[in-house]
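Asker: Listed below, chain by chain, are the residues.
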Amino acid sequence: EAQVTQNPRYLITVTGKKLTVTCSQNMNHEYMSWYRQDPGLGLRQIYYSMNVEVTDKGDVPEGYKVSRKEKRNFPLILESPSPNQTSLYFCASSLSRVSTDTQYFGPGTRLTVL
Amino acid sequence: DAKTTQPTSMDCAEGRAANLPCNHSTISGNEYVYWYRQIHSQGPQYIIHGLKNNETNEMASLIITEDRKSSTLILPHATLRDTAVYYCIVRVAGNNNAGNMLTFGGGTRLMVKP
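Same order as they appear, the protein sequences are chains A and B. Here the numbering used here is used: the first residue of the first sequence is 13, the next is one more, and so on. Here the numbering used here is used: the first residue of the second sequence is 276, the next is one more, and so on.
Think of the hints as simulated: they come from the structure by calculation, not from any bench. In this text, a Cβ means the ideal position worked out from N, Cα and C, and glycines have one as well.
Stretches of chain A that chain B covers, calculated by requiring three or more beta carbons in the stretch to come under 8 angstroms of a beta carbon on chain B:
1. 44-57
2. 60-73
3. 119-125
Below are the SDA-like pairs computed for lysine to any residue, each with C-alpha atoms no more than 20 angstroms apart in a straight line:
4. A:Lys77 / A:Thr25
5. B:Lys278 / A:Thr112
6. A:Lys30 / A:Asn96
7. A:Lys77 / A:Val125
8. A:Lys77 / B:Met376
9. B:Lys327 / B:Arg343
10. B:Lys278 / A:Gly54
11. B:Lys327 / A:Asp113
Given the sequences, and given the hints that come with them, work out the whole structure.
Answerer: Right, here's the structure in full:
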């Protein structure tokens, strides 16, 4: 089944403790991205990647890192999480960054930083 | 990308057709109409998109007016699992948007009732 998976689905952590949220897709998609969703603010893009070893900042990259060493994986790294990074995170992928390519979203990771 | 206007909420009886309207009066010639939905706290799910012709797939139909200033998403036989927030967005075709970022407005909260 074609899908985007994220792990963990839920995470409660403390300020400053490094964490990684994994994202994997099995559709051989070139394009992947990370969004966060907060009440009243909608979806905001954190980082995106157009292919292996090619990443770029979205609208809200501060406090996050990403890497794209393999086509299928696009982990999101929070080196020193802070409470303002408490949010619902979604990974997405599409065949390319052409707008008419459907974006497929993962199930989400709900992160709470205390 | 052009702005869209949708009703805040709608109800629909289970088994009946759900017709969700969207206004996009400032749409330009190279902009597509997309529909996504988001079931509570799950990842957004692509439904359908179109340019000017009506479109149908296994999930829904999309009716675009001749002047393209509005459209209607039709779920032909709504079920309880169709309860979600439905987002209508307008996007320029091609890869002008470097991050291929999706921007959702407020959407329509569809409640399907037994």
